[in-house]
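**Q** Here is how the chains run, residue by residue.
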Amino acid sequence: MTRFLTVADGLGAWLCALVVYALDIATLIGHGLFALAMPWRMTPVARTVLVKQVLFTGVEALAYVLLAAVLTALVLVVQAQVQVAGLGQTDLFGRLLVVVVIQEGGPLLVALLVIARSGTAIATELATMQIGGEIRALDLSGIDPFHYLVVPRLGGVAIAVACLVVLFVTVTFGAGFLLSRVMAPSPPDLAQFVGILAHNLHPDDLLVLLAKTVVPGLLIAAIACHEGCATTPTITGVPRATTRGVVRPIAAVLLWNAGVTTVAFLT
Amino acid sequence: MSAPLLWFDAVCVHDPDYAEPLLEFLRLQIRAGEAVALVGPSGSGKSTALALALGESEPTAGAVQVLAWDPRALDRAGLRELRLRVGHLPQQGGLLSNLTLADNIALPLLFHRRLEEGAARHEVRALCRLLDLHELPAVMPALAPPLLRQAVALARALILQPTLLLIDEPDAGLGGDAQEDWWRLLWRVQQELGVAMLVATADREHVQILTGTVVPLQKRRTATFRLL
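Just so you know, the protein sequences line up as chains A and B, in that order. Going by the working numbering, the letters in the first sequence line up with residues 1 to 267, in that order. Going by the working numbering, the letters in the second sequence line up with residues 1 to 228, in that order.
Worth flagging that the hints you see were computed from the coordinates, not collected in a lab. Some clues are possibly wrong.
In silico SDA-like links for lysine to any residue, alpha-carbon gap of 25 Å or less [said to hold, decoys possible]:
(1) 52(A) / 97(B)
(2) 52(A) / 99(B)
(3) 52(A) / 126(B)
(4) 52(A) / 109(A)
(5) 52(A) / 138(B)
(6) 52(A) / 114(B)
(7) 52(A) / 137(B)
(8) 52(A) / 140(B)
(9) 52(A) / 118(B)
(10) 52(A) / 9(B)
(11) 52(A) / 28(B)
(12) 52(A) / 103(B)
(13) 52(A) / 142(A)
(14) 52(A) / 16(B)
(15) 52(A) / 143(B)
Label pairs and their calculated CB-CB ranges [unchecked claim]:
(16) 12(B) / 16(A): 31 to 39 Å
(17) 30(A) / 208(B): 15 to 23 Å
(18) 68(B) / 18(A): 44 to 52 Å
(19) 20(A) / 72(B): 22 to 30 Å
(20) 134(B) / 178(A): 21 to 29 Å
(21) 134(B) / 27(A): 44 to 52 Å
(22) 23(A) / 113(B): 29 to 37 Å
Chain B is nowhere near these chain A residues, computed Cβ spacing over 10 Å in every case [stated by the list, open to error]:
(23) 55
(24) 138
(25) 185
Each residue gets a CB set at the ideal place from its N, CA and C atoms; glycine is no exception.
Sequences and hints are given; from them, build the entire structure.
**A** Take a look at the structure:
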């Protein structure tokens, strides 16, 4: 009985900590969105930080995202055509592509790439600044670290993720069409290909895509900023923040995407 | 006589984790143009006193007034307003490691006054001339020598023309001639700009270059070390 109570106690404490953490992140995102919603109140120097974040997270990741899109096209679009045709279910081809590329695979793959590059970078940078006393120095000179460090990163990562997902989806379909012309046994022509996609693309799919791009972008940046700023001044502080800046956004994005898919499926 | 810019009246700070108080009945006042040094060894409460003046912590007893404000009574916006008027030079400078030296100095101007880049650069150059920083290398702080880093941190603390400057262990990490050069620079800035200064330092010898007004603090807290 005592052992059961100990386990229940531990589980309860863990759940409470999880809820508090989720509320912290939600509050951070809420305040960040409020600040981003009034860009005229944002200082020019904070806007510069936002632009730099878009460049780092978006533009500098282009090569990786394009490579991922072409490989996805090779694996998915061509394979889908071949396999679906083999099963005699060619009418499912378009819907399959929309679901896999637009609703699930595209947003998730881009989010994982952004976590690997920018989540780690943000968490490490802010943790180093925290331990070096830079964030405290900013605060004591009247520069709000939230408005100078966090808000631009939230906005920059969210914008970059949204743009990268649109690019990923476009390139995947474009490369998929071109590759299928070369590799598939009876490929559709361009008009047929676009027609198949347009026929199977519903307005709800775009809502799902929006939910799975903007929110994960905010989650990645918010968790990385939170971990960076909350680091402890110990020798393991920075590596721990970096690890958490990767693992926690992955968990959060997977949970969010699963939730959105569930809601979309039920409605 | 003008009202004091900074006023500590019988200020006590107790930390429940320690048996000894961090500060006990500290009294001091600084008027416009004055420089005062809080001198004491590590653990004597110097940084605690500066934290009180910046509204980072609160006294257990006694009263603190900074520019006629009680930091305890200020909300977050009020504290920001206070910190815009009080320059602060932390230990190790606190420069942002991802900005060049010049960008570090310009940051408060760009953030608070929303100046154009060119106008900010102009003000930075004017202040740098005063501090003998004629050719500021376009490098990040980590690549600059310690004395230059400290001078740039001082410039950043002065760029908004504060009436009061709080300096924490200004010569930490400096040695030999650099230490003396640094204190002479502080003295010159104090003379030329007339800014009031509160300096927390353990350096009893060099502080005399800046000021003869010294408030001695006793060691109260013993740092404990634990092997991991």
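**Q** Within 25 Å, alpha carbon to alpha carbon, are residue 52(A) and residue 97(B)?
**A** Holds, because 16 Å separates the two Cα atoms, which is no more than 25 Å.
**Q** Is the gap between the beta carbons of residue 30(A) and residue 208(B) within 15 to 23 Å?
**A** The hint (15 to 23 Å, Cβ to Cβ) is violated, given that residue 30(A) and residue 208(B) are roughly 53 Å apart.
**Q** Falls inside 29 to 37 Å, the C-beta gap from residue 23(A) to residue 113(B)?
**A** Given about 36 Å between the Cβ atoms, the range holds.
**Q** Check the hint pairing residue 52(A) with residue 126(B) against an upper bound of 25 Å on the C-alpha distance.
**A** violated (28 Å)
**Q** Under the criterion that the straight-line Cα-Cα distance not exceed 25 Å, is the pair residue 52(A), residue 114(B) satisfied?
**A** Since the Cα atoms of residue 52(A) and residue 114(B) sit roughly 18 Å apart, the hinted pair holds (cutoff 25 Å).
**Q** Keeping to a limit of 25 Å between CA atoms, is the pair of residue 52(A) and residue 143(B) held or broken?
**A** holds (22 Å)
**Q** Starting from residue 52(A), check that the Cα of residue 142(A) is at most 25 Å away, please.
**A** holds (23 Å)
**Q** Using the Cβ atoms, figure out if residue 134(B) sits within 44 to 52 Å of residue 27(A).
**A** holds (47 Å)
**Q** Could you tell me whether the CB distance from residue 68(B) to residue 18(A) stays inside 44 to 52 Å?
**A** With a Cβ separation near 46 Å, residue 68(B) and residue 18(A) satisfy 44 to 52 Å, so the hint holds.
**Q** Against chain B, does residue 55(A) hold up as non-interface, every C-beta pair farther apart than 10 Å?
**A** Holds, because the least Cβ-Cβ distance between residue 55(A) and chain B comes to about 14 Å, which exceeds 10 Å.
**Q** Holds or violated: are the alpha carbons of residue 52(A) and residue 9(B) at most 25 Å from each other?
**A** Given pair residue 52(A), residue 9(B) is violated - Cα atoms ~47 Å apart, limit 25 Å.
**Q** Cβ-Cβ distance between residue 12(B) and residue 16(A): within 31 to 39 Å?
**A** holds (36 Å)
Comparing the model with each earlier hint shows violations of hints 3, 10, 11, 14, 17, 20 and 24; every other hint is respected.
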